[in-house]
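Asker: On the provided structure of chain A, position chains B and C as indicated by the hints.
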Amino acid sequence: MSESSGAGGRPKRQVGRRPTDGADPAVAESGAAKSYSEQEAESPEEERFAEIQVATLFGVGIVMSIFFVVAYLTISIHDKLGQYSNYALGGSLAIALFAIGGGFIVWAKNLLPHEKAIQDRHDFHSTEPEEIEAENTLLAGVDDMGLGRYKILRRTLLGALGLFPLPLVIMLRDLGPLPGRSLLITGWAEGKRLVDLDTKLPVKLGDLEIGGVKTVMPEGFTDVDDFALAPTMLIRFGPGQILSEKEIKLGAENHVAYSKICTHAGCPISLYEQQTHNLLCPCHQSTFDMARDAKVIFGPAARPLPQLGISVDPEGYFVARGNYSQAVGPSFWERR
Amino acid sequence: MSAPKNSDDATGPAPTRPENQGAAEKATRTTLKYVDDRFGSANFLKRSMDKVFPDHWSFMLGEIALYSFVILLLSGTYLTLFFHASQQPVVYHGSYQPLRGVQMTEAYASTLHISFDVRGGLLMRQIHHWAALLFVTSIVVHMFRVFFTGAFRKPRTVNWHIGTILLILGILEGFCGYSLPDDLLSGTGLRIAYSVAESIPVVGTYVCYFLFGAKYPGTDIISRLFIIHVLLIPGILLALIAAHMMILWHQKHTDFPGVGKTEDTVIGTKFYPGFFLKTNGFFFMVFGMVTALSAFAQINPVWLYGPYNAGQVSAGSQPDWYILFLEGSLRMMPNWETHIWHHTISWNILIPGVIIPGIMFNLIALYPAIESWVTKDTGYHNLLDRPRDVPVRTGLGVMSLVFYMVLVTGGANDILASTFHWSLQATTWVLRFLLIALPPLSFNITKRICLGLQHEDEKKLHHGVESGIIRRLPSGAYVEADIPLPADKAAVLAKQIGYDHGHNGHAAITSGNGHQAVDEAAEGITRPVAIAAKVRGKLEAFWDETRETVPDSQPHPED
Amino acid sequence: MTEVENVTSPENAAETPGSEAAVMRPRRSRRRRIASLGVLVAALGTVGTLYAGFAPAASSASNNDPAIQRGRALFLQGCATCHGLNGEGGAIAPSLIGAGASAVDFQMSTGRMPLQQEGAEAPQKRPDPRFNAQDIQDIAAYVASLGAGPAEPTNLNYQSADVAYGGALFRTNCAQCHNFAGSGGALTYGKYAPSLSDATPKQIYEAMITGPENMPVFGDKQITPSQKLAIINYVETIKAEPNPGGAGLGRVGPVTETAVAWLVGIGGLVIITMWIGSKV
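Chains as they are written, first to last, in the working numbering: chain A, 6 to 341; chain B, -14 to 544; chain C, 71 to 350.
With the rest of the complex left out, here is chain A (with noise of 0.2 angstroms):
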């Protein structure tokens, strides 16, 4: 082994061999690392120049850091929405970091000494009599505690705590209700008049052009439990452009009345084609043929949309004829 002074007036090091195959005896004994040098230290004038690099890159950190305190201050958050804000502190703190970043990495591989060490690794398991050892206790401490003669020590014992977790699990009942049949209804009743989703008033006959489609939900609704499963499509076709009597008949005046709420995952639908009459979810692409019974004809949803039967009043209002005759949106367990 030969001896190097490193320059700076750094403490000694040692400039090893490159270790060959199979571990050196020494240093499996002890357990340490090793070190030994692959290449020659830097000269004082690059170490220098690794000095200036480094102080730059911290010094960048230091203006930058700076420069962020005096941005938040001053620059307004209200200007194009906080855009210059968002600008100037996230580019400072940005390239504040970077800068801290990249001395800490031009210091570790320019100024310190190039060394490699070597560490043994050890075997991860024990020798066999301390395995033994171990097994040995633990089987003999089972022993002491008596958990093979004990019979109903140990039945009681594996009962305990087999239920103590039974009331924490239980007190979990009340994080919801029972679905019931709520699945089922969705706010839609006899009579109710459709009313727009964002003006809240009725929807007149002649409201809707040919080639129109208007979300709509039951007239009065507020419930929260309403909105998930209420939103409805009115949709107007032509004369003559359904082509399913009982969709027709479910109708009134060519105005036809579907779920909104996806059959497949509940997305709410109404990417309505009004020359194809299809409707495309945007979520998963289920395709529905609108003048066909909303039967499916692409993508994952297995079911056509349900629709709800609507008539129109004597004041010439869209009304329910009731609720949807099946459950709406996507399947579950319970639905048939």
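I should point out that these hints are in silico values taken from the structure, not numbers from a laboratory.
As the structure is a prediction and not an experimental result, all values here were calculated from the model.
The beta carbon of each residue, even a glycine, is placed where N, CA and C say it ideally should be.
Sample of chain A residues at the chain B side, in silico, Cβ under 10 angstroms:
no. : residue
1   : Val111
2   : Leu234
3   : Cys286
4   : Phe337
Here are a few chain B residues that sit away from chain A, every Cβ distance over 10 angstroms (derived from the structure):
no. : residue
5   : Ala(-1)
6   : His41
7   : Glu48
8   : Thr149
9   : Leu157
10  : Ile226
11  : Ala350
12  : Asn429
Answerer: What follows is chains B and C alone, placed relative to chain A:
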């Protein structure tokens, strides 16, 4: 453990404290002594500082995840100071004009407040979101590195399992956080998540009602997700990350095979000061990258999405990328549904939303066990495999990567269709086809490539590299002379190719996977076991049908 | 020229008597000329009156309008091949009778018409459609004269409309196809809802009232003119509004964010790890 020794001078005399030292040094020594007197920590400290870490860039991928997590904790804590996890309806009166007067939940309103009325709030939100994307991304990249190099093998199987759980928790944590602002996009995502849970046979609706506290959407989900997002999952993540690191620390890092590299030693940089400086620097770099993205690339502009409303939806409703594979599988699934005995099983959600991710994560978790069962390799492995040396594993990895990427692409099929004006339906059909066709194809291609690279290596080692020098043989023929590899490169290559990974003293391992042969026939085995053994034998044969031997019979000018 | 044709193109009724008479003059005796002219005028007058009774009011009002004359000439030149000599439609193009000026202005000012190529969706041709603004005005006037349809919107004073209300209406009625920020989105079988980034307020208004291609029609009773202006104000506001968080990444949601996270985020950090891991 033996007594602590100075690593630089293992055999030297006992160390002494120098006489004249500066105030800082004195203070340092005093502090260390104070701590050591109470905890006996000097030995531990010394060993820790001397801990050796191998140098390879790919070993830093996991650090990206670690540092992203630190950034997430910092930025997340800041956000909780302003965020109100409540679905209480309020009317917005903040400074974002296009939403003023709109009714929304407090969660959404407070998110707008952070974005437009808290200085640096938008930056912090974006830092949190970009860091979350990088967190999951780096976990995935890190896991692929571990997979392809075989770093998951004994003794590191438990750390692989912890990593798998970290991935799953990271995805869940991300999804909860993405849902918190209660905007139109995340609300749509939550609606789909609800539907996925609803599709579970028998208990689905109960799970939904207990989770949401009512029929969807209810009024509890945001506050429940909040506590899951800021306490429950981060707590588990923190504990598991600590365990992951401690196991890594204890078992020491793996390394690639090479000269001087053995199963029994680790070569690299000492933790202190070299690795310490570098890893600190890297933390700042990760933080800098996240901040730079947050300064110049807008993420999750919830003010444009609008508040959640069950009657509204936007085109191109996508989740964050780590959920995109689920979205893709939901989009590509055929519309199967079964109605039996007045009950509905909706396979169209159950399979892509529950069963496929279930199988995927289970396969990830079980893979180390499956591989060691097939290869009968139960040895310790501290040295890594080069991917080419284990063609079947590499093939399986590429195959699952391709499968996953097709799913992710499927999650963006509408964006692709509208960007390139493709037919949405045709895009989906092509992706359905690719999902089935590409994985086996990619397995075969990868395996071929690996074998080709092996062949190339053997040739290099045995015959050297082409020199460009043409020689004339005594017979008059011209040949190009191969020059042998330089000694150091040859040594590295020899190590890489022929390394005996097992501890069982195989003289020459042809398959490169260091398995231990066990004579099945010698053990009296019953019939079902025999079938399993047969399967195992076939699989093992498939696994080993790897290295092509290079015929060395040709006369060679150098010989 | 027959009377049947005159029925389908009423402006000819006014145009024909003079020209037809001038052609006949040299060949026939004065009395017969007057008699035949009288019969012709009577016949045309009857048909014209009958037509006026059935036809929408707008068409008969300004048949002599030079703009309509010019529009017709341009129509015959650029549109009639597909839409028929009198806008009656054909095998590949719909009838324009009753389409209205709004539809013409929308289709032509966005450059969708004249159609460049057949496909699932008519591609736009911006910024310069084939016909200039004046030509489009005239053709629109001509098509409007064929039968009543939605007229071009005149009051487009949208700046004073309630932007937040417009946003809510936009999310209910528009965002599902055009995306939350009007960036556009895919429809079925190759059709797509276009981005609104190039659409003018007038074009947005026209699209709502005419329902071009597969877009639903949003009539004035369904979405009132003031609601339409609110929607337009919202669209124009978010179009003009900066992206406070940096580059907007196309405003299409998480897909582009994914690409940035992988390519810039992880890609950049991997390069940094390589720098840290390198020897020098």
